[in-house]
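Visitor: Between the sequences and the hints, there should be enough to build the whole structure, so can you do that?
Chains as they are written, first to last, in this note's numbering: chain Z, 153 to 466; chain A, 153 to 466.
Everything labelled a hint here was simulated from the structure, so no lab data went into it.
Do not take every clue at face value.
One copy or any two copies: either way a pair holds, since identical chains are not told apart in the list.
To be verified - Each computed DSS-like pair below joins lysine-lysine, with the alpha-carbon atoms no more than 27 Å apart:
#1 K272 / K385
#2 K377 / K393
#3 K276 / K385
#4 K393 / K272
#5 K376 / K393
#6 K241 / K215
#7 K276 / K252
#8 K215 / K459
Protein chains: 2
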Amino acid sequence: MNRITGLFNVRYPIVQAGMIWCSGWELASAVSNAGGLGLIGSGSMYPDVLRDHIRKCKAGTDKPFGVNMPLIYPQMDEIVNIVIEEGVKIVFTSAGNPMKWTGLFHEHGIKVAHVIANVKFARKCEEAGVDAVVAEGFEAGGHNGMEETTTMTLIPMVREAITLPLIAAGGIATGRGMMAAMALGADGVQIGSRFVASAESSGHERFKQSVIRAADGDTALILKKVIPVRLIKNEFYHRVKELENRGASREELMELLGRGRAKLGMFEGDLGEGELEIGQISGLISEIKPAAEIVEEIIAEYDETRKELYERTF
Amino acid sequence: MNRITGLFNVRYPIVQAGMIWCSGWELASAVSNAGGLGLIGSGSMYPDVLRDHIRKCKAGTDKPFGVNMPLIYPQMDEIVNIVIEEGVKIVFTSAGNPMKWTGLFHEHGIKVAHVIANVKFARKCEEAGVDAVVAEGFEAGGHNGMEETTTMTLIPMVREAITLPLIAAGGIATGRGMMAAMALGADGVQIGSRFVASAESSGHERFKQSVIRAADGDTALILKKVIPVRLIKNEFYHRVKELENRGASREELMELLGRGRAKLGMFEGDLGEGELEIGQISGLISEIKPAAEIVEEIIAEYDETRKELYERTF
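Guide: Dropping the structure here:
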């Protein structure tokens, strides 16, 4: 047992990131059944859809699972009520102030992890009394911090600043990546991109194929004047980039962005005009596999690496 | 012995990055004497200054040391001749095509490592027949790649693509960071920022103090339309950033950049108007120490971490 497996009562300190359009109950329950911690990504769900996913997840696994919620969600009160009513025991919050909801969750016996991208917010998490911190580096897919601090540098700086259980996120897809995160001071890892390319991911098949095709340099962090997001460089990206290079305003960018770009890309499979959120580590992912196989592979490679590093001399 | 210590005939697979204005013969010989591989950074030296540093370095250590050279240097022929004439046995090249000089260096029994920031150039290194590759992530200080690939994701992708001895750079300052790099598949590490903050670094004392004061988020990669460089966010940075946000052209940026900004900042200690090149990991560096102590600390922490990770269970 370590600080993460003990906290969430799971076998492995591997959290499957709660990702919009990709992580419904099928993926979350598959990861939890495999000994990790599966998360339902509520960010792309209407409240009633979330309730349905929670119920199906409960039916699909008798292991712990959680719900991820961006705190900027417009119907937060409703989402929070559903999570409490349905007896969810773990929530991962992001994109907001952990002070606001942590107390209420704790009153209902719900464990809270909060996602941050800098040391200042890691300290705020400690003040807010959350149970664990997810520190997410610049290489991560989807929404990201403004400071561009990478996993390699963020994890040891957060580790130095706070004592809470620490989950590393961003750039991790393998047992070697997990070992690197643990060496830097993490107690566990959160993995997104690798689970996008899983059989149980609800992302569109064309999106999954674009993830396994991606090589190094195929993603970029853009839209920093709106909200930074890492995605695959497709036609949509190039149009945003052109505007940005011309010094376009937030308003112009918002207009091009429009609504529903993420759904269009990741759920409906429009690889040209959709927003295809994925991390840099997609360059290392080459096959779509069942989530259970992914978890097993990561743990097996972690264990090999542990022995290899111990025996290795200069 | 491993593939890096064997190649360079050093005790530890720790390379001190050849940095402009900071790594003269004092630093390089101190690191080599401590069992690492010290590099003289020729990028900020006139040819006759370089010759002087090489001679002093030979007098200062009987251990292997090398010279780092950006291949865009205007007087490359002269620099190459000096390195050959002075009997230097190791060169690290960067910012150019490794095809051009590797053959000549090899004719003179000189080992060549080349610095890259993406998989494509790692493959070119292999074709060029260099002896080792330095893969440098987005978090590194100074000049950097366009793709923004971080150390956490670049190292495993390069490891998968080529079989050459691999040195990880960017975001590494401690034994834990070194262990993370080794877990990701590196055979050794190149460390810059930590050695900037060494007693033997020829950087200005005010620059060194600004490095140990830096926290997470205090550096940024800018000037992507000219040549990407990571530096401390000072007044100069903010003026560049303002121009960039307005969509300024390469020419406008070149004009603001002017000449001698790096010397002004790092060597003359102008913290406002100078270019203060340093990596993100500066946020973890809090003390100026002798180079030998830095090497010893890194190795001691690496060894502790090795045991800790081996014994750690979930």
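Visitor: Against each hint, give a clear statement of whether it holds in the structure.
Guide: Here is what the structure says about each hint:
Taking the closest pair of Cα atoms, K272 and K385 come within 27 Å of each other only across two copies (17 Å); inside a single copy the shortest separation is 31 Å, beyond that limit. In the homo-oligomer, the alpha carbons of K377 and K393 lie at most 27 Å apart both inside one protomer (12 Å) and across protomers (13 Å), since each shortest distance falls under that limit. In the homo-oligomer, the alpha carbons of K276 and K385 lie at most 27 Å apart only across protomers (24 Å), although the nearest pairing inside one protomer, at 34 Å, exceeds that limit. Taking CA atoms no more than 27 Å apart as the test, K393 paired with K272 passes between copies only; the shortest distance there is 23 Å, against 29 Å inside one copy.
For the homomeric pair K376 and K393, the shortest alpha-carbon distances inside one copy (11 Å) and between copies (13 Å) are both at most 27 Å. Taking the shortest Cα distances, K241 and K215 sit within 27 Å of each other inside one copy (11 Å), while across copies they are farther apart (59 Å). For the homomeric pair K276 and K252, the shortest alpha-carbon distance inside one copy (11 Å) is at most 27 Å, but the shortest distance between copies (52 Å) is not. In this assembly of identical chains, K215 and K459 lie within 27 Å of each other by CA distance neither inside one copy nor across copies; the values are 29 Å within and 32 Å between.
This entry does not satisfy hint 8, going by the numbered hints stated previously; all others are met.
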